[in-house]
Amino acid sequence: MSTVQAAQQPAATAVAARPGRRRGGSRLARRRRRAGLLLSLPAVIVVVALLGLPIGQAVYYSMTTWDGISATWIGPSAYSTALSDPILWRVLQNNALLLLSIPFAIGIPLSIAALLHEHVRGWRFFRSVYFLPTAISWVVIGMVAVQFFALSGLMNSMLRLVGLASLQTDMLAGQRSALVALAITFVWSMLGTNTIIFLTGMATLDQTLIEAARVDGLSRWQIFFRVTVPLLKRFIQFSFVITVISAFSALFSLIFVMTNGGPGFGTTTLEFFVYQSAFAQGQFGTGALYGIILFVIMIIVGLVQLRLIRSEDGEGW
Amino acid sequence: MTPLTAAGTGRPTAAVTRKRLRMGTLFALMAVIAVVMLYPFYYMLNNAFRTQSQFEQQHGHSAVSWRQLFTELPVGRELLNSTIICVTAIALILLVATTAGFAFAKLRYRGSGTVFLAVVAALMVPLQSIIIPEYVNLGKLGLINTYLGAIMVYVALGTPFATFLMATYYRGISDDLIEAAVMDGLGYGRTFLRIALPLSLPAIATVTVLQFIQIWDDLLVGLLFLQNPQQRTITVGLAALSAGRTTSIPVLMAGSFISALPAIIVYLIFQRHLIRGLTLGMGK
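From first to last, the protein sequence lines stand for chains A and B.
Reminder that position 275 of the first sequence reads as 275 in our numbering, one-by-one numbering, no gaps.
Reminder that position 87 of the second sequence reads as 87 in our numbering, one-by-one numbering, no gaps.
Please note: incorrect hints may appear among the correct ones.
[Unchecked claim] Beyond 12 Å from chain A on every Cβ pair, some chain B residues (computed):
no. : residue
1   : Thr13
2   : Val16
3   : Thr17
4   : Trp66
5   : Arg67
6   : Glu72
7   : Gly76
8   : Leu80
9   : Thr83
10  : Gly101
11  : Thr146
12  : Leu201
13  : Ile204
14  : Pro229
[Said to hold, decoys possible] Examples of chain A residues lying across from chain B (beta carbon under 7 Å, computed):
no. : residue
15  : Gly36
16  : Val46
17  : Tyr130
18  : Ile196
19  : Gly217
20  : Val274
21  : Phe295
22  : Val296
23  : Met298
Note that these hints are calculated values from the structure, not bench results.
For glycine and all other residues, C-beta sits at the position ideal for the given N, C-alpha and C.
Using the sequences plus the hints, can you model the full thing?
So, in structure tokens, the structure goes:
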């Protein structure tokens, strides 16, 4: 509400400032409103027909047994039935475990950004190089990752090379280790995006603050942790949200190519479970239900983010 | 490491030597990270030029796998499919997002703020939450395995963020400029086409690049809505090839490289716009 009013204010004052043209202004204002409605209509139709309607349908179908053709109503009890399924909890556990990789997906890019921000000769080139993987499909990344983690792959040869031959494993063959391999690939894939976010953030920092800290005798490390990181809070939050959303809803291609959800349910996350239930097993109703659970989780993530921004506005650090 | 040798030539002070050592170390670190980030590209190219047996021995090179790739995968056809789908979807996203962005920023009407929020909030809808009803709906319209079906899904997924980006950009254009154009008798439609649209070319470039990479790299939509090899995109074709488990790894690597190449080229040319899109996402 407040945003709406704030947004309308400049227009109102602009009209009021021209008393001589009030009549033309009001006719113009009407035409402007009509043009506004007309021009925003296509976007509204797209969003309502292709996003809004399906999410409503998904809520409805989540309470039915549905094979895509005929649906039998079950009601809200469908949710309690689904939530008592241990496999769903196994899948949610995988999601939770994947979240453990987020400190790495943020901490490593933060260090890389700090490194680039030293502006050593060639940093622009390296920035482009680090960001390059962002352009390629997770299908491709997953394809190479499979080879990297294979028994004959680079990871195991490196272990052999440093005398840790006993640690060699086929990571994708074990349930937990496959999830770790997936998490490592995910972290690697997020490096470029998050590095760029932090680098942009560092460019906006007030250099005098950092200079002042240096004059006060703080070491480089102290400056980084006590001045730079707190000042980057907004950027860290942004990358946190992007990373969490990716972890929940963008790993489909990676899982499809690397493990296909296996071994067992070892790497099946909720988003993959939606696909499996509906398109591998034909249980469209259950799939829709899992999709709604995913949506609810996303809404919670979004609300937490809003909360963080709000509380921070009050602080005014 | 190397800066140390400079100590003998110019006889620099200890501080200068320390600084050079530091710079050298940082450069070496950056180079190591670059190796980690570029490794997949090296791996793809290196092994694409091998036969399966050369791959197993990690010795020798040949171009045989490339020929095999083109017989196993209709590469040309699939690249064409990807291009057709990308170009059409992006054109539609731009059409919808520029007009709506302009309306939400400059042509406010009662409730337009709420409508804008609703459109942007649709960003939070994960593809997986709507994909089943979408699949059934488009199936009823006979749009499964047609370009149009997949394009519609991509347009729906791209519209919220693109609209947000365009509205943010148009907000930066002065109201007076728009009003002056309207006073001159251009009308709102032509003001949009002749004044606002040309001014927003940088934002249009950003949306184009972001969407190109998103759609080109997508698997799930293509996998479900384009099951027919005739309409399949290159990314879907590649995933299908790998799921088949019949082909050799060098062939997969050759396919990976070919499918990634267009996105890499677009990235190299339009990097700047991509980075801006990412940071514009923060709203400022």
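We went through each hint and held it up to the structure:
The claim that B/Thr13 lies off the interface holds: its Cβ sits roughly 20 Å from the closest Cβ of chain A, which is beyond the 12 Å cut-off. The Cβ of B/Val16 sits about 15 Å from the closest Cβ of chain A, beyond the 12 Å cut-off, so the non-interface label holds. For B/Thr17, the shortest C-beta to C-beta distance to chain A comes to about 16 Å, beyond the 12 Å cut-off, and the non-interface label holds. The beta carbon of B/Trp66 is kept farther than 12 Å from every beta carbon of chain A, the shortest such distance being approximately 16 Å.
The non-interface label for B/Arg67 is consistent with chain A: the shortest C-beta to C-beta separation is roughly 20 Å, beyond 12 Å. Listed as a non-interface residue, B/Glu72 keeps its Cβ farther than 12 Å from every Cβ of chain A; the least gap is roughly 15 Å. For B/Gly76, the condition that its CB be more than 12 Å from all CB atoms of chain A holds, with the nearest at approximately 19 Å. With a cut of 12 Å on Cβ distances, B/Leu80 stays outside the contact zone with chain A, its closest approach being about 17 Å.
Look at B/Thr83: its CB is around 15 Å from the nearest CB on chain A, clear of 12 Å, so calling it non-interface holds up. The claim that B/Gly101 is not at the interface with chain A is violated, since a C-beta of that chain comes within 12 Å of its own (minimum 8 Å). The claim that B/Thr146 is not at the interface with chain A holds, since no C-beta of that chain comes within 12 Å of its own (minimum 15 Å). Its beta-carbon lying about 18 Å from the closest one in chain A, B/Leu201 satisfies the requirement of being farther than 12 Å from that chain.
No Cβ of chain A comes within 12 Å of the Cβ of B/Ile204; the nearest lies about 15 Å off, and the non-interface call holds. Annotated as non-interface, B/Pro229 keeps its C-beta farther than 12 Å from every C-beta of chain A; the closest such distance is 16 Å. Checking A/Gly36 against chain B by beta carbon gives a least distance of about 3 Å; that is within 7 Å, so the hint holds. Residue-level restraint check for A/Val46 holds (minimum Cβ-Cβ distance to chain B is 5 Å; threshold 7 Å).
Taking 7 Å as the C-beta contact cut-off toward chain B, the hint placing A/Tyr130 at the interface holds, the least distance being around 5 Å. This hint holds: A/Ile196 has a C-beta 6 Å from the nearest C-beta of chain B, less than the 7 Å allowed. At a threshold of 7 Å, the smallest CB-CB gap from A/Gly217 to chain B is about 17 Å, leaving the interface hint violated. Interface hint status for A/Val274: upheld, as the beta-carbon distance to the closest one in chain B is roughly 4 Å, under 7 Å.
For the restraint placing A/Phe295 at the interface with chain B, the shortest Cβ-Cβ distance is roughly 4 Å, inside the 7 Å limit, so the hint holds. For A/Val296, the shortest C-beta to C-beta distance to chain B is roughly 9 Å, which exceeds 7 Å, and the interface hint is violated. Residue-level restraint check for A/Met298 holds (minimum Cβ-Cβ distance to chain B is 5 Å; threshold 7 Å).
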